[in-house]
Amino acid sequence: MPTVSINRELLFQALGREYTDEEFDELCFEFGLELDEITSEKEIIVREQGSDKADGASDVVLYKIDVPANRYDLLCLEGLVRGLQVFKERCEAPRYRKVTPASGEHLKLVITTETAKVRPHAVAAVLRNITFTKERLDSFIDLQEKLHQNICRKRSLVAIGIHDLDTICGPFTYTALPPAEIKFQPLNQTKEYTAAELMQLYKTDGHLRHYLYILENEPLYPVIYDSNGVVLSMPPIINGNHTKTSLKTRNIFIECTATDLTKAKIVLDILVTMFSEYCQESFTVEAAEVMYPNEKTYIYPELTYRKEILTADYINKKVGIRETPESLAKLLTRMYLKSQVVGDGSEIEVEIPPNRADIIHPCDIVEDAAIAYGYNNIQMTIPKTYTIANQFSLSKLTELLRQDLAAAGFTEALTFALCSKEDIADRLGKDISATKAVHIANPKTAEFQVARTTLLPGLLKTIAANRKMPLPLKLFEISDIVLKDPNTDVGARNHRHVCAIYYNKNPGFEVIHGLLDRVMQLLDVKPGRDHGYYIQAAEDVSFFPGRCAEVFAKGQSIGRLGVLHPDVITKFELTMPCSALEITVEPFL
Amino acid sequence: MADCSVLPESLLRRLEKADDGLNSLEVAGALGVDHQLVVGAVKSLQSLGEVIQAEQRSSKHWELTEEGKEVVDNGSHEARVFTAVPLEGLLQSELMKLPSGKVGFSKAMSNKWIRLDKNAEGGPRIYRAVDSITDSVREKLHLLRDGKEDAMDDKEKNELKKRKLLAEVNIKTYWITRGSAFTTSVTKQETDLTPEMIASGSWRDKNFKAYNFDALGVIPECGHLHPLMKVRTQFRQIFLEMGFTEMPTNNFIESSFWNFDSLFQPQQHPARDQHDTFFLEDPAEATNFPMDYLARVKKVHSEGGYGSQGYKYDWKIKEAKKNILRTHTTAVSSRMLYQLAQQGNFTPVKYFSIDRVFRNETLDATHLAEFHQIEGVVADYGLTLGDLMGVLHQFFTKLGITKLRFKPAYNPYTEPSMEVFSYHEGLKKWVEVGNSGIFRPEMLLPMGLPEEVSVIAWGLSLERPTMIKYGINNIRELVGHKVNLQMVYDSPICRLDS
Numbered sequence: 001m002p003t004v005s006i007n008r009e010l011l012f013q014a015l016g017r018e019y020t021d022e023e024f025d026e027l028c029f030e031f032g033l034e035l036d037e038i039t040s041e042k043e044i045i046v047r048e049q050g051s052d053k054a055d056g057a058s059d060v061v062l063y064k065i066d067v068p069a070n071r072y073d074l075l076c077l078e079g080l081v082r083g084l085q086v087f088k089e090r091c092e093a094p095r096y097r098k099v100t101p102a103s104g105e106h107l108k109l110v111i112t113t114e115t116a117k118v119r120p121h122a123v124a125a126v127l128r129n130i131t132f133t134k135e136r137l138d139s140f141i142d143l144q145e146k147l148h149q150n151i152c153r154k155r156s157l158v159a160i161g162i163h164d165l166d167t168i169c170g171p172f173t174y175t176a177l178p179p180a181e182i183k184f185q186p187l188n189q190t191k192e193y194t195a196a197e198l199m200q201l202y203k204t205d206g207h208l209r210h211y212l213y214i215l216e217n218e219p220l221y222p223v224i225y226d227s228n229g230v231v232l233s234m235p236p237i238i239n240g241n242h243t244k245t246s247l248k249t250r251n252i253f254i255e256c257t258a259t260d261l262t263k264a265k266i267v268l269d270i271l272v273t274m275f276s277e278y279c280q281e282s283f284t285v286e287a288a289e290v291m292y293p294n295e296k297t298y299i300y301p302e303l304t305y306r307k308e309i310l311t312a313d314y315i316n317k318k319v320g321i322r323e324t325p326e327s328l329a330k331l332l333t334r335m336y337l338k339s340q341v342v343g344d345g346s347e348i349e350v351e352i353p354p355n356r357a358d359i360i361h362p363c364d365i366v367e368d369a370a371i372a373y374g375y376n377n378i379q380m381t382i383p384k385t386y387t388i389a390n391q392f393s394l395s396k397l398t399e400l401l402r403q404d405l406a407a408a409g410f411t412e413a414l415t416f417a418l419c420s421k422e423d424i425a426d427r428l429g430k431d432i433s434a435t436k437a438v439h440i441a442n443p444k445t446a447e448f449q450v451a452r453t454t455l456l457p458g459l460l461k462t463i464a465a466n467r468k469m470p471l472p473l474k475l476f477e478i479s480d481i482v483l484k485d486p487n488t489d490v491g492a493r494n495h496r497h498v499c500a501i502y503y504n505k506n507p508g509f510e511v512i513h514g515l516l517d518r519v520m521q522l523l524d525v526k527p528g529r530d531h532g533y534y535i536q537a538a539e540d541v542s543f544f545p546g547r548c549a550e551v552f553a554k555g556q557s558i559g560r561l562g563v564l565h566p567d568v569i570t571k572f573e574l575t576m577p578c579s580a581l582e583i584t585v586e587p588f589l
Numbered sequence: 001m002a003d004c005s006v007l008p009e010s011l012l013r014r015l016e017k018a019d020d021g022l023n024s025l026e027v028a029g030a031l032g033v034d035h036q037l038v039v040g041a042v043k044s045l046q047s048l049g050e051v052i053q054a055e056q057r058s059s060k061h062w063e064l065t066e067e068g069k070e071v072v073d074n075g076s077h078e079a080r081v082f083t084a085v086p087l088e089g090l091l092q093s094e095l096m097k098l099p100s101g102k103v104g105f106s107k108a109m110s111n112k113w114i115r116l117d118k119n120a121e122g123g124p125r126i127y128r129a130v131d132s133i134t135d136s137v138r139e140k141l142h143l144l145r146d147g148k149e150d151a152m153d154d155k156e157k158n159e160l161k162k163r164k165l166l167a168e169v170n171i172k173t174y175w176i177t178r179g180s181a182f183t184t185s186v187t188k189q190e191t192d193l194t195p196e197m198i199a200s201g202s203w204r205d206k207n208f209k210a211y212n213f214d215a216l217g218v219i220p221e222c223g224h225l226h227p228l229m230k231v232r233t234q235f236r237q238i239f240l241e242m243g244f245t246e247m248p249t250n251n252f253i254e255s256s257f258w259n260f261d262s263l264f265q266p267q268q269h270p271a272r273d274q275h276d277t278f279f280l281e282d283p284a285e286a287t288n289f290p291m292d293y294l295a296r297v298k299k300v301h302s303e304g305g306y307g308s309q310g311y312k313y314d315w316k317i318k319e320a321k322k323n324i325l326r327t328h329t330t331a332v333s334s335r336m337l338y339q340l341a342q343q344g345n346f347t348p349v350k351y352f353s354i355d356r357v358f359r360n361e362t363l364d365a366t367h368l369a370e371f372h373q374i375e376g377v378v379a380d381y382g383l384t385l386g387d388l389m390g391v392l393h394q395f396f397t398k399l400g401i402t403k404l405r406f407k408p409a410y411n412p413y414t415e416p417s418m419e420v421f422s423y424h425e426g427l428k429k430w431v432e433v434g435n436s437g438i439f440r441p442e443m444l445l446p447m448g449l450p451e452e453v454s455v456i457a458w459g460l461s462l463e464r465p466t467m468i469k470y471g472i473n474n475i476r477e478l479v480g481h482k483v484n485l486q487m488v489y490d491s492p493i494c495r496l497d498s
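These protein sequences, in sequence, are chains A and B. Residues 1 to 589 (our numbering) make up the first sequence, in order. Residues 1 to 498 (our numbering) make up the second sequence, in order.
Source of the hints: derived by calculation from the structure; they are not laboratory data. Glycine is no exception: its CB is placed at the ideal position from the N, C-alpha and C atoms. Be careful, since some hints might not be right.
[Claimed, not checked] A few chain B positions that, by computed beta-carbon distances, are all more than 12 Å from chain A:
{"id": "1", "residue": "Gly147"}
{"id": "2", "residue": "Lys148"}
{"id": "3", "residue": "Lys209"}
{"id": "4", "residue": "Lys298"}
{"id": "5", "residue": "His328"}
{"id": "6", "residue": "Pro441"}
{"id": "7", "residue": "Asn473"}
{"id": "8", "residue": "Leu478"}
[Unchecked claim] Under the rule of at most 25 Å between Cα atoms (straight-line distance), these lysine-lysine pairs were calculated in the DSS-like manner:
{"id": "9", "chain 1": "B", "residue 1": "Lys298", "chain 2": "A", "residue 2": "Lys421"}
{"id": "10", "chain 1": "A", "residue 1": "Lys571", "chain 2": "B", "residue 2": "Lys482"}
{"id": "11", "chain 1": "B", "residue 1": "Lys298", "chain 2": "A", "residue 2": "Lys384"}
{"id": "12", "chain 1": "A", "residue 1": "Lys117", "chain 2": "B", "residue 2": "Lys318"}
{"id": "13", "chain 1": "A", "residue 1": "Lys154", "chain 2": "B", "residue 2": "Lys316"}
{"id": "14", "chain 1": "A", "residue 1": "Lys484", "chain 2": "B", "residue 2": "Lys322"}
{"id": "15", "chain 1": "B", "residue 1": "Lys318", "chain 2": "A", "residue 2": "Lys154"}
{"id": "16", "chain 1": "A", "residue 1": "Lys484", "chain 2": "B", "residue 2": "Lys321"}
{"id": "17", "chain 1": "A", "residue 1": "Lys98", "chain 2": "B", "residue 2": "Lys312"}
{"id": "18", "chain 1": "A", "residue 1": "Lys468", "chain 2": "B", "residue 2": "Lys482"}
{"id": "19", "chain 1": "A", "residue 1": "Lys117", "chain 2": "B", "residue 2": "Lys97"}
{"id": "20", "chain 1": "A", "residue 1": "Lys444", "chain 2": "B", "residue 2": "Lys482"}
{"id": "21", "chain 1": "A", "residue 1": "Lys117", "chain 2": "B", "residue 2": "Lys316"}
{"id": "22", "chain 1": "B", "residue 1": "Lys321", "chain 2": "A", "residue 2": "Lys444"}
{"id": "23", "chain 1": "A", "residue 1": "Lys307", "chain 2": "B", "residue 2": "Lys299"}
{"id": "24", "chain 1": "B", "residue 1": "Lys321", "chain 2": "A", "residue 2": "Lys154"}
{"id": "25", "chain 1": "B", "residue 1": "Lys43", "chain 2": "A", "residue 2": "Lys505"}
{"id": "26", "chain 1": "A", "residue 1": "Lys117", "chain 2": "B", "residue 2": "Lys321"}
{"id": "27", "chain 1": "B", "residue 1": "Lys321", "chain 2": "A", "residue 2": "Lys436"}
{"id": "28", "chain 1": "B", "residue 1": "Lys429", "chain 2": "A", "residue 2": "Lys64"}
{"id": "29", "chain 1": "A", "residue 1": "Lys484", "chain 2": "B", "residue 2": "Lys318"}
{"id": "30", "chain 1": "B", "residue 1": "Lys312", "chain 2": "A", "residue 2": "Lys117"}
{"id": "31", "chain 1": "B", "residue 1": "Lys428", "chain 2": "A", "residue 2": "Lys296"}
{"id": "32", "chain 1": "A", "residue 1": "Lys444", "chain 2": "B", "residue 2": "Lys322"}
{"id": "33", "chain 1": "B", "residue 1": "Lys428", "chain 2": "A", "residue 2": "Lys444"}
{"id": "34", "chain 1": "A", "residue 1": "Lys421", "chain 2": "B", "residue 2": "Lys403"}
{"id": "35", "chain 1": "A", "residue 1": "Lys64", "chain 2": "B", "residue 2": "Lys482"}
{"id": "36", "chain 1": "A", "residue 1": "Lys396", "chain 2": "B", "residue 2": "Lys398"}
{"id": "37", "chain 1": "B", "residue 1": "Lys322", "chain 2": "A", "residue 2": "Lys436"}
{"id": "38", "chain 1": "B", "residue 1": "Lys118", "chain 2": "A", "residue 2": "Lys154"}
{"id": "39", "chain 1": "B", "residue 1": "Lys398", "chain 2": "A", "residue 2": "Lys384"}
Input sequences plus hints: build the corresponding full structure.
Laid out in C-alpha cells, this is it:
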C-alpha cells in the first residue's frame, strides 16, 4: 500500500478547515484511507540517521497517509484534497478538458521502429501556462515517484519524463540507439556522458541503480530527441538536464514511455488531471499527437469519461441496503462518480472520470456507494445459507492423533516447511539428488532453498535449540512434507507424516518402538505380517548400522525407525544418543 | 551425644520441671547437643498442636573463630614466637619461616617480649627481652569458650574480633513454655497413611504429620500440544460450529494460475514479484490446466467481459504456468469454487481452511517466511455486504471480540473489500484483525458460477491472535525450531472467548 506524506498545514489550508488529528483520522477511516503516522522531516531524520544529523531540518507536521494500491488519484495533495472535498460535498468534481492548440497543430512525438523490442509505447501531453510554487513542484515530482513505484512497477512498465517545453522544439522523436551513440548531459550533472558511461555512473547511485537492469542487456537504449537533436530523456533511467523544470517553468511537456500501453495512458491521465489545476485555464490539458512507425496517429491524453448504467436494485442488493435511486446517485457523486437517475427512474447513470481508472466493473461502483453510505451504517445480517459442516478427513485424523501422541508423553513441535538443502541431505548423510525435493528458484537465504522432504531435521533442530531443557526430550510433529510427483498438475504433492524423536543419555529404541506400537494401536492396526504391521531390518545412512528398521503396514512401506547415526547427531550439533520414527499417515485414511 | 529421636521427650521432661520456661540455647548446652537439633525438636513438638509454646528470640553472642579455637589449644601467635626463640637468639629470617612468625613477631615486639639486633653477625637476629611471659590472649579466649563472656570487656572483645579470633553471632533461640495440652509422653507422628494402617485400622490411633499446603505439587510427566496448534484447533472448532466445511489445503506447491490468475490478480501485480513470492526452480512449471476455463481467464484479464473493462494487457500463459509456494490459501478456495461451478447445479457452500502460506518477505519479530492463514468463504445466491459483516460479527464474537468496525480497503480479487478492526482494550485503539470482501465477478463468472451467486470471504493470520493470546512478542519463540519448549510445556489451554 503506497504511503503519501502530506504537509498538515497545506492540507488543512487546501481543505479550507482545521481538523484535530483524531477527526482527520476518523475521516480517513471512513473514506478508506489510513492515517498511518503523524511526524515531521526532523523526526524522520532523527529516527533514521540520529539526532545530530537533524539540525535545521523542518519540524513542519507531516501526515503519512496509506492510500489503497489502486487509487492513483489520491497519491498527491491535489488529488487527495479534491477527493475529500467532493466526498464532503464542499465542491463538485471538476471537468477535465483536453484542447487542441489554437494553431490547430498538435505537438508531435514520433516513434521509430527501433523502440519496438525495448519499449514500444509512448504517450504525451502538454500543460500550458502553469504556475508552480515550490510546494506544487515538489508535489508534482513526488507524484511521479509514487506512480513510478506503484502502477509503473518501478519504471519497468511505464516511465515518466517531464520537461520545460520552452527549452525544446517539437516534433520529438522517440527512438532507440546503441548505448555508445547516445550522449547528453543528464539531469543534475555538469558534463556529458554516453549512455554506456551513465550505466557505470549510476551503478553506485542509491536511487537510479534499481532501474538499470531494465536496459542492462538491451542492444538498443530508448531515447527521446527534439527537432534540434537535444536529448529530452533516456527512459526509463534519466532525463536530460537541458529540459529541467523549475519554479519559472510555464509550459510542460509530459511523455510516458512504456511496455504496457494501458498503464501509460492511466499514468498520463493521472498526471494531467492532478496538475492541470495550476494551469491558467484550470483543468485544461493541451493534447499531443503520437505517431507509431506504421504511421498510425493517436491523440493523448485520452481523458475518457465512460458511462455505466446500473439499477438501484443491483446496488441495494449487493450492499444490503434500501436506498432510493436518487439517494444512491447522490452517494456516488460524493465518490467522484457523477451520477443521475435515468430511464424509468430505477436506473442510475454513472460517469467514470479519467482519474478513476480503478473503476473497471459495476462492482467497483457498488463499493463506492457502500463507502459513501458508510460501511458502519450498513445493517448486519445473517445469511440463511444452510450447510452441513464436514471435516477434511486428513485433518480429522491428524487432530485425533496429535491428542494421543501428547497423551503418550511426547511434546508437539511446529517446524518450518522450508529449509536448506543441507538439512534434508548432507546433515542426514544423503545426497540431495536422491531426494525428490522441490527446489526454490529465488531464496533470499539458505534457509529457504527447498521444501522439506522429511520432518526429522526440524525436530533435531528444535532439540538443538533446547539443549538446556532437562532430558529426556520427547518430541513429535504431524505435518506435511513435499515431494516431486509427476502425476499432479503442479508436479509435486504434500504427504502427511508423523515424526517422533527420543533424545536422552541412552538411545531408547524401545521407547520409539513402543510409540510406533501405540500409534498402530490407535489406528487399530494389529501386529502381523499379513494384514497388520511389522518392522524389518533396513539399511539407511541416517541411522546407526544395524539399528534401523523399515515399517510396513497395509501391504506397503510407510516409513522408518531406529537409532540415529552418530554423524547425523553431530551434524545437528547434538551430543546424546537419539532414536526416531517417521511414517506417513495417509494409508490410514 | 544424646539420641536425636528422644530429644523431644528429654526437652519435655526438662520443661515439666521448669515452670518459667526454657531457653533453647541453654537446653542445648545442658544436653550437650547442637542448638539446631533442639530447634528441630521444638518445631516437631509445635506441629503436634498445643503441647508446647515457643517464642522466637534472637540474641547476640560471642563465639571463637577457627583461629581462636586454635589459639586456645596452642597458645597465641606471639607466645608461640617467644617460645620459639632460644636464649642464644634466632635469625629473623628463620623466625619468619615459622607458621606464627609474621603475626607473632609484630605482636611480641609490641609486647616488648623480644628484641631485634639488626647488626648481629649473619644477619638480623631475635633475642628474648624478658625471661617469662603470660599468654593472656589465650587465657581470655579460654574463658570465653567456657561460656564466661564477662571475662572480657567490650574493648578487649573488639580487639580480638579485629584479630579475627572472636566473632559476634546472631543466634535465633526459642523461649519454650508449656502449652495448653502439655504432656511429657508424645506419640511419634506418622508421615503418611499406609496400606497396613488401613488393614489393621491402626490409623485411628495415630497422629499424622501436617502437610505443608504452601508448597507446590509435583507436575505430572506428560506430553504437550503446541500453543499455535491449540489455537488452530479452536478456530477449526468455531468454523465447524458455524457449519463450515474444511477445504483440502494439503498442497503447498501451487501454480501461478490458481494462486493469482484465477483470482483476477494481474500478471504485473507486485505480489507476483520475485521479491514477494517463492518461485520454483524444480518443478518450475505446472501443466494440465482446464483449458476452456483458462481461455476465459485470459480473456477477462486482457480484454474484459462479464461487465468488466479487464486490465487490457498481454496475458501470457507462461506466467500462469510458473510454480510457486502458495502465497495464500485463497488459491485452494479458487480451486474449490471452480469445482463447485463444474457440478452443474449450484448448491450453497461454506468453506474454511487453516494452513500454511509462504511469502518471500523480509523477516522481523512478527513476520516469518511462512505463516498460517485462516480463511472463511460463503457462496450463495444474493449474499450482501451486510451478510459479510453479520458473519464476521458472529465469527469474531466466538473469539471474544464484539466491538468491530469496518474500513474500506483494496484487494485485487474482492470488491467491495473491507478491513476488520476491533477495539483493543489494552492498547486503547482500533487494531486490524482481518481482511474481507466479496469476490469479484471477474473471478467467479469465468468459473461458470451463476451470475446471481455472491461469494463472501475473509482471512486472518493464526500467528497474530496466538501471540496476543499467549503474550509472545517474538514470533521465533512460537514458530519454528527455535521455539522455547518451556513455553510449550507451560502454556495453558486455549479458550478464545475467555
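Violated hints, by number in ascending order, as checked against the structure: 6, 8, 9, 11, 19, 25, 31, 33, 34, 35 and 38
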